[in-house]
Every structure is written in C-alpha cells, then in structure tokens.
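Protein chains: 2
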Amino acid sequence: MRTLKIIKIGGNIIDDTIALNAFLSDFAKLKGPKILVHGGGKLATKLANQMGVEVKMTNGRRITDADTLGIITMVYAGKISKNIVAKLQAEQCNAIGFSGADGNSIVSVKRPVNNIDFGFVGDVDKVNIETLDILLKNKVTPVFCAITHDENGQLFNTNADTIASELAIGFANAYNTELYYCFEKNGVLKDINDEASVIESINTETYQTLINDGVIADGMLPKLNNCFHAIKNKVEKVCIGKPNMLFTTNTKYTTIQN
Amino acid sequence: MRTLKIIKIGGNIIDDTIALNAFLSDFAKLKGPKILVHGGGKLATKLANQMGVEVKMTNGRRITDADTLGIITMVYAGKISKNIVAKLQAEQCNAIGFSGADGNSIVSVKRPVNNIDFGFVGDVDKVNIETLDILLKNKVTPVFCAITHDENGQLFNTNADTIASELAIGFANAYNTELYYCFEKNGVLKDINDEASVIESINTETYQTLINDGVIADGMLPKLNNCFHAIKNKVEKVCIGKPNMLFTTNTKYTTIQN
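Protein sequences, first through last, are from chains S and B. Letter by letter, the first sequence follows residues 1 to 258 in my numbering. Letter by letter, the second sequence follows residues 1 to 258 in my numbering.
Derived by calculation from the structure, the hints in this document are not laboratory data. Virtual Cβ for every residue (Gly too), placed ideally from N, Cα, C. The reader is advised that the hints may include incorrect statements.
As the list claims (entries may be wrong) - Cross-link-like lysine to aspartate or glutamate pairs, in silico, EDC-like; alpha carbons within 16 Å at most: (1) S:242 - S:200; (2) B:139 - S:133; (3) S:46 - B:67; (4) S:137 - B:133; (5) B:137 - S:130; (6) B:46 - S:67; (7) S:46 - S:67; (8) S:137 - B:130.
What the hints assert, rightly or not - Simulated coverage check for chain S against chain B, where a stretch passes if three residues somewhere in it have a Cβ under 8 Å from a Cβ of chain B: (9) 49 to 55; (10) 84 to 94.
Model the full assembly from the supplied sequences, consistent with the hints where possible.
Structure below.
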C-alpha cells in the first residue's frame, strides 16, 4: 500500500505569516499523497470582537452559537483555507480547500446535550474517502478546515485534531496512513519548560503513568487521546512535534505506540 | 460530446433563504454534469459595515482593497459557499466549493491600472479544466464563488458573471457547454417594467440596435457582453432569465445567438 501523510498544523503557525509560508513551502515539496488539516488561530476571535459578537462560555467551555458558527465558517473555510490553497498553488502543489461538507467527506452529529449544550459542535460520525481518494490519485492535495456537516444542510464546528485523526483512520484501509500533529513544541515534554526533554515514545502503558504523574495535562490530554484513538484504529504512525519533524532527520519528536 | 450546464445565480437568490433553498433543491435534481457559480449578495456589505470597513469608490466604481478582499474571501468562499455545499449534500448532490485557486482552476491577472486602480480585482487569464473535469466525470458538482488567484499566492475579486462565461468557454472543447444566467427578471425586457416583454432572442446585430435604442443599459451591458463573449467562443447555448427556465418548459427567457 502507498503511504498517505495527514498533517495537522495549529493556530501558532496560522497566526505567523512567515512561519506559515515557510511551512507551506516545505509541505508543498513533500512527496506522495498528503492531506493538510489546519486549525483556526486567533483570527476568529479577532473578527468576533470586530463584529461585537461575544464569546459564550458555559462552565469554562466555549459554546458555538449561530453567530460563532458563521464567523468560524468565514474565517476557517474562507480566509484561512483559500489563502493556504493560493500559497500552495504558488508552490506548485495542486490543493483544494475542504470542509467536511465538500465531497460529503466528514459527516458529524451534534454533540449530545448532557450538562452543557455546546451548540453547533459536531462529533465525527463517518468519513467518506471516495471523492478525496479520486483527488489524491490525481495528485491533488486536500486542505481541511475544522468544519463538518450533518448531511441535512447543517454545518458544525469540529476540533481540527479530531478531523486529522478521523481522516487518518478513514484512510487506514486504503493507505499506510501517517498522522503528524505539528505544534509549537518539540513534542510531549517531561518538563514543559525544557524543550530538550522530549519523550520520544509513548505507549498506552506509559501514557497512563504520565497522566498519573501530571506530566500530561490540560490541552495535551485531548490531543493525545486523538493520537491513541488513531494508533488503535490501524493508523501506522502517529507523531507530535514541530513541523521540522517532517522535513529534517535530525529532529526529536514524540512517537505514539500502541 | 456530453452537455455541461454552467449556471450562475446572483445576489437576489443568495439573499433570500427560501428562494435559495428552493433553487438548490431543483438544481440538485438536474441530470448530467453541472457547475454552479454564485454571486455574493448583500452579506459582504453587511459584514464590512459591522467591521467598520468603509466601501471605497473611485469615479463611482468600487475598489477592492486588502480589507475588502479579506471580507469577500470570508463571505463568498466561506459562509455562502459552504452553506450552499451543505444544502446540496442534503439534496444528494455531491458538491465541492471552489475558488479559482482551488485546483488552480481559474488564473487571473490584476486589472491594469489606467485611470483607476481597482485594487485586488483580477481579470481572467486562463481556465484549467483538468481537476474540475476529473470531478465532473465522477459526478461531483463544483460550486464556484467569485474569487480567483494569480498563481503567485494572491487572491483576486473577479466578477461572477465573468467566471461563469470563462468556465463555459474553458470547457467548450470538452463538452457541449450551456451557460445560464439566472437573475430576478424573466430575461432581457423590452420594457423594464413589463415582465411579459421578454426579448426571446438577441443576436450580435439586434444587440447593437437594443443598445442604441437604450433598451439595454447599465448593469445589463456587462452581463450581455459576457454572454456574447461566450457564444462567440464555442459555447453552445447562452440564456438569461429566472431560474425556472432551467426546470420548466413553459417559461419565457432570453437566448443569445451568435
């Protein structure tokens, strides 16, 4: 089977034009089929402030109301996606911007209301690879934003890390899928203040120990849960680190093992 | 050769949710390969007002500065495009939202500065049908917004009527292309106040007479110039009217003849 790389970049790169351009230039040169998944960065919050739309929180968690969904759709699927696609085209990478609605590629269901109603937040139900695979076989690179749909005309806000892991799982029977989470650190760090303290490999067992010891906490927990969800569902390789883990060989990063 | 329908809808449908949903439901049922091109409607102006971005005019014509381009990209390629795509998916029409950057499908050059610098406005230079045609052959329906790119990473604002005619011309060697401009009137009217006064056929000769007589003026001029540009460049059929010209047989509309 061929290898398919699914690469997720976060807000820290999106918000830094120079870093983003450098990344896209390197990404464009990567050989073989690949999919880019991008987060949103600070632009959506900035636009919400400009529009006077207040950020709604419940129990400390952000709610996606109709106004916020509109803003996210404009910023993620509009401004960020199309600028990334245009820059990739300038680097001779034939890209197409996707939401989960495009090609009916990612179907989600509204997150069930228990204590909190998150509004227009969708949990991934199904990945349809047919249309995407036709494009990959024709050397087209899909670029995904963090938006899905419910097949009934409703768009949903869906976490970009989750979109990346679900795409990797969705393609796992058709390709050797490799999933790369790029972020601002060298990987999962033993000491959050020491970039040299990269934990080079984490498996299910050591993961539990790292949680118990408080080494992995906060935002790293959902990211690592996405990693383990992928590695347990036929994804061949799952890595976390700075983008240069993809482009150079002398870089340390964290690999997730089953 | 197979027939490819290229259908452009304007702001009056985009701004009317009920009319838009009804149109998309009918459009989804149209047999054979098809491309939808949509205008912008009033949403971009509304967002500009909310953001405090002023509409810049020179000699009565709108200028697309960087802020305006950002707004257009968010509204056209984000909110409008993705909502149309999600609604088409709900109608079992497998759509993908496109700008000219996606699939490198429409390349434009900045409009030359003579007396007026229009800013980020692009005139179409080239249509690349390869990626689009792969999708059409796989029963995918591209949905185009009025944004193009220059292959160097710059997005441009490009008139949606022009995008529709250039796509129709670009596909004219591969398909029998039919171009339909849907707008709020039954067609080109002899008397603008009488919807029954549809001119059923206009050719190059009668066009000139209608201009001289002042029957065709203002906004209809660029629309009809796009029509004649298409019909003179191998497009098989060019029609102007209400959307129901596509879905019913007992409707009057205007057909452009060479």
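| task | Enumerate the violated hints, using their earlier numbering and listing them in ascending order. | result | none
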